[in-house]
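Given the coordinates of chain A, work out where chain B should sit on it, guided by the hints.
Chains as they are written, first to last, in this note's numbering: chain A, 1 to 199; chain B, 1 to 199.
Treat the hints as calculated values from the structure; they're not laboratory data.
Which copy? The list can't say, so a pair holds if one copy fits it or any two copies do.
With a Cα cut of at most 25 Å, we get these calculated SDA-like pairs of lysine to any residue:
#, residue 1, residue 2
1, K193, A86
2, K132, I119
3, K62, R34
4, K132, A100
5, K62, P110
Number of protein chains: 2
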Amino acid sequence: MSATVIRYDASMSRWEPDARGRIALAAMELYSERGFDQTTVAEIAERAGLTERTFFRHFADKREVLFAGQESFRDLFVPAVAQAPADATPLQAVAAGLYAAAEDFEPRLPWSRQRQGVIAANPALQERELIKLAGLGDAIAAALRARGVSEPAASLTAQSGLAVFHVAFASWVAADNARLFRDLIGDSLATLKTVTAGE
Amino acid sequence: MSATVIRYDASMSRWEPDARGRIALAAMELYSERGFDQTTVAEIAERAGLTERTFFRHFADKREVLFAGQESFRDLFVPAVAQAPADATPLQAVAAGLYAAAEDFEPRLPWSRQRQGVIAANPALQERELIKLAGLGDAIAAALRARGVSEPAASLTAQSGLAVFHVAFASWVAADNARLFRDLIGDSLATLKTVTAGE
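Just chain A, same shape as in the assembly (with noise of 0.2 Å):
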């Protein structure tokens, strides 16, 4: 059975439609369902409609998956930290970096509402998650920079930035939220100049 499900793969996979957007719609299905560790790379290919062999065309491991976005979201971040006007500021910068990821995230509110309950369900996808933030922390810095923006101030921007994004992103995905992920970057952009503002 196995083999004929490769020869169907194979016949199949010039021109299976979208089989990594399956295969990520399955995946994150199952790791709801039943949790990340109780899923199988075969269950997920299954549910897919897909062999394991496209499986790893697609991804690495099952844990990719739910990471392979984070790719996206510093290939996304990163340009746009160095693209801000000339005379942007640090954290000017670092905003059209924010404000660039939450038009891309907008329209998958749903995954990514799943995909955090995944990963909080699950320390070891939490420290990965972690692992993977400092990494984007540090291209952000290095990115400032670029820019000509000293240290600390492009480590302290960079890092402060990831915390906004970090305490939106929360409030987008909560169960109950209804606005968009724009506004809440802005409130939470404005939260930092207050909490940081005075004396």
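Just chain B now, with coordinates in the frame of chain A:
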């Protein structure tokens, strides 16, 4: 021979002066000399002139030697936030925690510098450090909420405060630094205010 050593320890343990400190110093020497992964508990105990049994009476494993200090960091930081004057702003309350931590760290610069080198050389230890710091951020945010600070201001202030710590710490342990940790914290707080000020 192992039996002899254990007997020796049993007879010495009541008056062995500062076994915990001797273990910590011996461990750090070995981690710096040969790397964390290449060091065993047996070697640490031998260098400290103690038994493995004594080691395990003080530390759960060799990694804990590096991270036990983070518990006291938290136990120092969080009460300082809680006990800041009632009219302190959220960031002033966090600053009280940062300065309390700086005073405590100051005499241990050589230890902190060596620890930083060991951790920088080992990705698994870096991950551990990130996870512990994220936990501290949550504890600081909780202390701010207990002061009446609402969310998301509490989380944003806690995370920005950790960014301030992170940046000041890196300057403090730098090989050529001769400045006090508390002054670097002050500079880092001022930089945070600068980068978040204005439009």
